[in-house]
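S.K.: In case you want the letters, here they are:
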Amino acid sequence: MEYKKKDLTGTKNLSAEEILFILETAKKLKEINSREIKKVPALKGKTIATVFFEASTRTKNSFEVAAKRLSADTISVTSSYSSTLKGETLLDTVHNIRSMKTDIFIIRHPLSGAAKFVADNIDTPVINAGDGTNEHPTQALLDILTIQEHKINLKGLNVAIIGDIDHSRVAKSDIWAMNKLGMNIKIFGPSTMIPANIEPFECSLASSISDAIRDADVIMMLRIQLERQSKLLLPSLREYANFFGLNNKNLSYAKKDAIIMHPGPINRGVELNSDVADSPQSVILNQVESGVAVRMAILYLLGIQKRRNK
Amino acid sequence: MKLALKNCLIINHNESFEANILIEDEKIKDITNEDINGDNVIDCHNKAVLPGIIDMHVHFRDPGFEYKEDIISGSRAAVAGGITTCLPMANTYPVNDNAGMTRYMVERNRKLGLVDLLPIGSITKKMEGKELVEMGDMLKAGAIAFSDDGLPVGNSEVMRRAMEYAKGFGSFIISHSEDRELSQGGMINEGEISTITGLSGIPSASEDIGVARDILLSKLTKSHIHICHVSSKVALKIIKMAKKERVNVSCEVTPHHFSFTEESLLDYNTNYKMNPPLRSTEDQEMLICGMKDGTIDVIATDHAPHHTDEKHIEFGNAAFGIIGLQTLIPLSLKLVKDNKIDLNDFVRLTSYNPSKILKLDDRGSIEKGKLADIIVIDKDKEYIFDDTINQSKSCNNPLYKTTLKGCALYTIKKGRLVYKFPDILI
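Each protein sequence line maps, in turn, to chains A and B.
In short: position in the first sequence from 1, add 6, done, that's our numbering.
Mapping of the second sequence onto our numbering: position 68 corresponds to residue 56, and the numbering continues sequentially without gaps.
The hints are simulated quantities; they were obtained by calculation from the structure and are not laboratory data.
On a predicted model such as this, the values are computed, not experimentally measured, just so you know.
Just to be clear, a hint being listed does not mean it is correct.
[Claimed, not checked] Computed cross-link-like contacts, BS3-like style, restricted to lysine-lysine with a CA-CA straight-line distance of at most 30 Å:
hint: 1; chain 1: B; residue 1: K389; chain 2: A; residue 2: K12
hint: 2; chain 1: B; residue 1: K118; chain 2: A; residue 2: K237
hint: 3; chain 1: B; residue 1: K280; chain 2: B; residue 2: K381
hint: 4; chain 1: B; residue 1: K347; chain 2: B; residue 2: K35
Using the sequences provided together with the hints, build the complete structure.
M.R.: In structure tokens:
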């Protein structure tokens, strides 16, 4: 099998086979990260550009480490973004960078659809590192890789995704991908943070955190984006922690071997109590580790594809 | 000057018949089955001959945004689309909120004279929703009605007084009804498609609330309110109820709302981004029913030109609206072909009803003594809607560069042949 799409803009448009193929590739490449010399020449001579219009440390570093482990050169453009500021357009920015003969773009942007827009208008591969409230596909892939490493079969696993579903591109990418792999998803969060129409998610909506967690194999807690939330969606963090946070007590509703996930960074005492965040069931740091492997995989698959096209 | 149209299939809102039309100067001199002659004779080959379209909702961007459109390019696109009377909205720069500005528009149009331009003044100064404009002065200068289109008046007291004041001068308010707080930040209809695309939603309720409020104020003030571009089935239901209760309300629908649905947005195509947004298939079906059953009075284009630089960008940053003057006929004819409406309905919606609403007794049907605003339609003509056809300065329409069927073959304005597909003759 090969990955034939030019870009990775989301999991929505990926098939189950494509998802599993990227994950298989990631598993093969993961071993490189444990070597004494953590570098292979797979993408030597390639230049990878990270273009971030939104703050990020984790995702950006993860992509850059992944690129470097494959011997690619990286350049990085960080730009503060404001819709009211008249500046260079997004397309002009990427076309300028492309003129430096870069090979792959990694783009994060606060507007939904922005990565696809760039992908449709440029001749090199584009990887979506998060677009508005739409998708964050590499996060979903690394989540699933982490689950694979802890569970025997993906099919039939019960997954609870809890938090601000409406504004979470992580939740969206997870939902689209996990559905394709036959996992059972339950979502939960304050009603103001659940989209008005959840039918396309093909998942069930829990009525309480204990209902959400009951018999879960995987519990995914989403980050409450303190900077984004208005008081209309959420009266207080205190109340959020009481009704929507995960702690040792409500964790008991889950299966005994349930794993706890979080895309990070964690707000301790809000969505996750420290007792569960640091418990043996927490795989949060494994997720970060898987992140590098998954990003190596997609860079590799898009990078060699380009080489073949030449 | 005499112009003879022979072998016409004349379509009015209430009748269809074959006859010859004799036009002398600006008016229809005779409609007869006798043989007629003129200085210029057009054989219509039994093609449908309709009253010129009255478009109650256009944006000509003049003055202020002439890089998108101006009164000249806008009126060229209008006659190419079979439209002979246009009501341009007030959201120009500066805003059309005084008689001087209205006079500028009317004068600029008079020089070319392709269409009748009846400007819509703003309701409030600078469209800020606070102080009323000098409606009397503006009506005298040529304005016909008042609207803060796109920036609806939020304050119900201001809206009430505007309705009352306009009524005193025999005019009325045209309302883009929307609760802007409920819709703020939204880009497309709130529903399954907004969930799938991650594009923030505009709930139908924001339109429904606006329509309900404006109808209640119309009832309170016993004045006529015209609701712009209805897109939601609930808003339509509210209007239907109000009409039953004899509230003086009329409303319009745009060709894009009866032709497309939110499904088109799965691809993030900014040429489907408009406000109100494209809604569900069910909404669309109800709109078409409303056109047939009389709940909807008017088809208006909401022709909204934008430069490519304002459309070929990230979806969230792209401007709302599409051009529509030259797609009104092909999109409406599609409904005719699908037996959803007939040509008489089309005339009722595009010229007869608008003439009644606007009290323009000299037009709205093909009748002896009326203005010779006449279009000849070719239902079957297929053509690519590209730069050779498009007369607008802008091309923000999802049908641009696609094949369309049906067009205005001839447009006659006040007895003058001004358009013969695909050329402006003046």
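S.K.: Each hint should be assessed against the structure and marked as holding or not.
M.R.: So, going through the hints one by one against the coordinates:
1. K389/B to K12/A: holds (26 Å)
2. K118/B to K237/A: OK: K118/B and K237/A at ~29 Å, within 30 Å.
3. K280/B to K381/B: Violated, at roughly 33 Å.
4. K347/B to K35/B: holds (29 Å)
The structure fails to meet hint 3 from the earlier list, while all remaining hints are met.
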